[in-house]
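Chemist: The chain contents come next:
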Amino acid sequence: MSSSARPERSGVQVLSPTEPLLSVRDLRTEIDTENGTVTATDGVSLDLYEDEVLAVVGESGCGKTVLALSILGLLPRRTGRIVGGQVLLRGEDLAQATPERLREIRGAEIAMIFQDALTGLHPLRRVGEQIVEMIRAHERVPRAVARRRAAELLDLVGIPAPARRADSFPHELSGGMRQRVMIAMAVALEPKVLIADEPTTALDVTVQAQILETLARIARDLNGSILLITHDFGVVASAADRVMVMYAGKSVEQGQVRKVYQRPRHPYTAGLLAAMPRIDDTPGDLLRIAGTPPSLIRPPPGCRFAPRCGFATDVCGVESPETRVWPPGSDVSVACHHSERIGPAP
Amino acid sequence: MIGYALRRLAVTVPVLVVISFGTFWAAGEISSPAAQLTLNPRISPEAKQAYIELLGLDRPLGVQYGKWLGNFVTGDFGTSLVRNGQDVWPFVERALANTLLLVAAAVSLSLLIGLAVGTISAVRRGSLWDYTSVGVSFLGISIPVFWLGLMLQLFFGLYLANWLGVGPPLLPTAGIYSPGRQGFDLLDRVRHLILPTMALSLQLVAVYSRYMRSSMLEVMGADYIRTARAKGLRESRVVVRHGMRSALVPVTTLVAIDIGQLVGGLIVTERVFQYPGMGLLFLDALNSGDYTILLPVVMITAVAVFALNLVADLLYGVLDPRVRLGRGALRHV
Chain A
1 MSSSARPERS GVQVLSPTEP LLSVRDLRTE IDTENGTVTA TDGVSLDLYE DEVLAVVGES
61 GCGKTVLALS ILGLLPRRTG RIVGGQVLLR GEDLAQATPE RLREIRGAEI AMIFQDALTG
121 LHPLRRVGEQ IVEMIRAHER VPRAVARRRA AELLDLVGIP APARRADSFP HELSGGMRQR
181 VMIAMAVALE PKVLIADEPT TALDVTVQAQ ILETLARIAR DLNGSILLIT HDFGVVASAA
241 DRVMVMYAGK SVEQGQVRKV YQRPRHPYTA GLLAAMPRID DTPGDLLRIA GTPPSLIRPP
301 PGCRFAPRCG FATDVCGVES PETRVWPPGS DVSVACHHSE RIGPAP
Chain L
1 MIGYALRRLA VTVPVLVVIS FGTFWAAGEI SSPAAQLTLN PRISPEAKQA YIELLGLDRP
61 LGVQYGKWLG NFVTGDFGTS LVRNGQDVWP FVERALANTL LLVAAAVSLS LLIGLAVGTI
121 SAVRRGSLWD YTSVGVSFLG ISIPVFWLGL MLQLFFGLYL ANWLGVGPPL LPTAGIYSPG
181 RQGFDLLDRV RHLILPTMAL SLQLVAVYSR YMRSSMLEVM GADYIRTARA KGLRESRVVV
241 RHGMRSALVP VTTLVAIDIG QLVGGLIVTE RVFQYPGMGL LFLDALNSGD YTILLPVVMI
301 TAVAVFALNL VADLLYGVLD PRVRLGRGAL RHV
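Protein chains in written order, with the numbering used here: chain A, 1 to 346; chain L, 1 to 333.
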């Protein structure tokens, strides 16, 4: 909140290579629902470094979208709030930032891509105009210049005849084209961080791959980092450098995608990977994790995965596991009492 | 869209014929110009019969109606049966102009207030402002306009001047001109417009603000509003350019339909304030059996309702690019 704690605007501060660009520390977020108040993220921490794609993966309702919205202070105003923790962008705590400061950061330094571009873009306004608005909300440029830049951006994300397409309404474009517009708008101001919340979920599988490719290419070009929210392990494998697995409002495992996939250290991660259908599976082979996630209104004590876990012992039902680096010296951290017993995916 | 409009208009023609015939028949049943002659002992049966034949009242109803319709569609509205055979059109024209002025004043005032109140209520849902405006709106919808009109007349025409100890009433309570005034006087017209506009507007503000509130509440929960905030736009821009832009679409069509119904529907307001518009002319013509005036009044009212319903549909297509008015759309007429 105080201006003394705030670093100078972008570019002035020199980052050491090990210092994260965006760091979420012990974030606790509450959402009011009809049935009670849900602790949607319960002490979640993550670090996003420069030039990397960090995937946050988990099933519906695990808190991954709430996590994304919390970073930019976009939680539903009446029902959602951050109750603890920090969101540090180059050391500046966004959880304590003034609305005006947050407004400056949104779009310019951290931009967001939402899941469904049909409902995410304004249905009554031309797509070019929506990009122009993004540019002119943060930069004093003449409308004509902004329009030209919007067309360039549409070209950049692979939209044919961009100058003409800028005059289209969202409903006149295909799903893939709409998502490209969404990406063009998000990268308009070359933000350092892109948060993509299920950017490909509403799309056909073939289009998904194209969109992920576009996203990765642009992030590379801009030297930006991506926080990729998804429920799809396939997307994680093809697009992310590191992965964070969330379960019931908590981070259960975090590490290099390759290492986590090779040898998951949390039973939930192992279960999810085992549940992924493979092309050489015979029908009926599909594994699944028994049971359902717990209610987050009054979550059970101890490890939240314990009721569904084959490895659970007495301690799991009593004591919530600390997040620790495992194996020691690696860059994988996991929140499980029994990590040493978890084998590779069957 | 032009083709669509023409098809829609074509559909309304048979309806207008039915309405006009119904009115023609009913007016003849309610009263006859010849009835007045019957009551007058100094007119001989022969003179009466001659008059009836002159007016063509002895011919079959279908023939009478056909003759009237033929004249009506060629712009000849005929002469008044009661007002010494004067042409009908000038009466109707004046009444229509007066009513349109009152409707324009009331609707624009109500939109200005109603949209603002509704938007603020939606943005600050659950606030004191919201609850107060909900309460006042229910009051506004519940108060009958004749009672409100009388109260306004008493207050501004009598009590207020008495309390303040000033001489003449602050606002005129009836008519559109002060007695004895010559020529056009803008200020005088406006002063006469204030009370009827107020009486009419309370209800309109209540309806428009309720409608705008619910429309805004729906829109402000949409994904694209979250996108707008994520772009770092100022909240005022999010509310006006993104929220209101969408919320106004259904409100606009409601208002357009409303205006059509107000053109012929101000009977109570105009009666209370002796405001010489379409409603008052309708009442006078009905009471005196002057169906050559009654018919154009009813017809204009019907056309206004149809036309503004059409305008509402066309506006929807203009305001929302997703709406395409085509052949399929006609099925919903």
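These are computed hints drawn from the structure, not numbers from a lab.
Among the hints, a few may not be true.
[Said to hold, decoys possible] Covered by chain L, according to a simulated footprint, are these stretches of chain A (three or more residues, beta-carbon under 8 Å):
#, region
1, 40 to 49
2, 118 to 132
3, 301 to 311
[To be verified] Stretches of chain L that chain A covers, calculated by requiring three or more beta carbons in the stretch to come under 8 Å of a beta carbon on chain A:
#, region
4, 11 to 20
5, 214 to 228
6, 233 to 247
In this text, a Cβ means the ideal position worked out from N, Cα and C, and glycines have one as well.
Chemist: Each hint should be assessed against the structure and marked as holding or not.
Modeler: Here's how the hints hold up against the structure:
1. 40 to 49: That given contact is violated, which follows from only 0 residues of the region 40 to 49 of chain A lying within Cβ reach (below 8 Å) of chain L.
2. 118 to 132: As far as the region 118 to 132 of chain A goes, the hint holds, because 7 residues have Cβ atoms under 8 Å from chain L.
3. 301 to 311: violated (count 0)
4. 11 to 20: violated (count 0)
5. 214 to 228: holds (count 6)
6. 233 to 247: holds (count 8)
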